[in-house]
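Enquirer: Sequence:
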Amino acid sequence: MWNYLKNQWIHKILLLLLVDVCIVVLAIFGGYVIKFSAKTLRVSPDLAFQRLNFFLLICVASHVLTLYVYGLYSVLRPWGNVRLFVSVLFAIAGSTALLMVIQFFVPGYWIGRVVLAIQFPLCVMGIYGWRTLFYGSRLSWIHRRRLVLLGSPELIAEFLRGAAPELSFRYRIHGVLFTKPTEERLEGIKIYGGIHEVLADPEADAIAFQFMDPSLSQEDLRALLERSCQGVEMSDLITLYKNLTGKVPRRYVDEKWLISHLGIQGGPSQAYLKVKRLLDIAISGLLLLGTAPLMGIIALAIKLDSRGPILFKQERLGRSRRSFHCLKFRTMVEGAEEESGPMWSSPGDPRITRVGRWLRRLRLDELPQLLNVLKGEMSLIGPRPIRQHFADQLAKDIPLYELRFALRPGLTGWAQVNHDYANSHESQVEKFEYDLFYIQNVSLFLDAMILVMTLRTVFLRKGQ
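Residue numbers (our numbering): 162 to 625.
Everything labelled a hint here was simulated from the structure, so no lab data went into it.
Values in this document were obtained by computation on a predicted structure and should not be read as measured data.
Hints may contain errors.
Claimed, not checked - Within a straight-line C-alpha distance of at most 30 Å, the following computed DSSO-like cross-link-like pairs (lysine-lysine) qualify: (1) K417 x K341; (2) K536 x K435; (3) K536 x K474; (4) K557 x K341; (5) K474 x K557; (6) K464 x K474; (7) K489 x K474; (8) K417 x K557; (9) K489 x K557; (10) K351 x K341; (11) K536 x K489; (12) K536 x K464; (13) K489 x K464; (14) K435 x K489; (15) K435 x K474.
Could you build the full structure based on these sequences and the hints that come with them?
Expert: This is how it looks when you write it as structure tokens:
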């Protein structure tokens, strides 16, 4: 998991985060000074600290979360100046409005809505100015290593196709050594005639080779090890692909790779599973109570919009392929699959109702699955539950597909926050590659990341 984060330029993201925290703290302090005057702070610094400490913690957390939801922790400039300013403005405005609502529940710790109103423009201008400075300076520049790829033509082609966007941030393809005969040529990329040429090239900063490639002899591996000791970055081609993209290329991995130190080691610990189950119960219970009024409104809208039941029950496969009835708010017309049989939904699907279309875009149709989480049939985080009809089809094409049933299915998951709605066999295969990455790297930290990324997905209405 750390390798994945490291390849996302964690040190630069942490720099953005650290300065953001300082700006928010100074904006709050400035709002306090403007309202109460600096004289008040000099007379009663202890009182000021007592009133600010809890407030700052909540305010910083809220502002940082909304900045992330708006995509403002990108290392490279995401948009032009105007859209960047609007994104910062909307993020801080949304967070400030939320804080103004929350203060009614803990009035003893809050300074007041006036301070929040004053910090708002200070925070917007500070964070926008910092982002402009960051993106316009060498801070956002990336030193790209010269990377040499060693492997079969098929794997290298898959690597270049799948990892190209993320690859360009850290590496520049310097050369390629095909370990099988091929007529393929890559424009602008050096083609080596043998591994001795790779080892003798002084410009190669990094080398990625195919794991357990039979064409690499023991002498070749020893020479690569020596180059690694000389400071050349050395990695497995599949692992590099996984760390750059957040998914495992299932066509080029097998049981040997997964059982090695590069792959899955014994699955999640019992301690992790117990803690995760306790969190599932606590969070799903609170969410059920908190969203009960909303679910009442949704139920009424569904009933008024179309005929049929409010809830939709569908048999899905859970952990160890145990079947259970997955609950959802009905988003399609009654009897949608009576004639067509099981089929994936597609954009503009005429079976989806007017209310159902909005529920899907906001992911609100999944709310009843909180009951499945409470019952232990699902978890908050995990591979999405799938119907047996589709699971059997995919298992025929993917020998490792049964691994996705090693964990409880989730209300959301790594594949859901990294991939669009899967409405075809090919997209389901790609989502499995994300699921395999999650199974490999499962942890509470990764689960927390997925929860935050899910908020961003819901906020940007990326559901279908």
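Enquirer: For each hint, tell me whether it holds in the structure or not.
Expert: Against the structure, the hints come out as follows:
{"no.": "1", "hint": "K417 x K341", "verdict": "21 Å, holds"}
{"no.": "2", "hint": "K536 x K435", "verdict": "15 Å, holds"}
{"no.": "3", "hint": "K536 x K474", "verdict": "15 Å, holds"}
{"no.": "4", "hint": "K557 x K341", "verdict": "28 Å, holds"}
{"no.": "5", "hint": "K474 x K557", "verdict": "26 Å, holds"}
{"no.": "6", "hint": "K464 x K474", "verdict": "16 Å, holds"}
{"no.": "7", "hint": "K489 x K474", "verdict": "7 Å, holds"}
{"no.": "8", "hint": "K417 x K557", "verdict": "20 Å, holds"}
{"no.": "9", "hint": "K489 x K557", "verdict": "28 Å, holds"}
{"no.": "10", "hint": "K351 x K341", "verdict": "16 Å, holds"}
{"no.": "11", "hint": "K536 x K489", "verdict": "15 Å, holds"}
{"no.": "12", "hint": "K536 x K464", "verdict": "26 Å, holds"}
{"no.": "13", "hint": "K489 x K464", "verdict": "14 Å, holds"}
{"no.": "14", "hint": "K435 x K489", "verdict": "26 Å, holds"}
{"no.": "15", "hint": "K435 x K474", "verdict": "28 Å, holds"}
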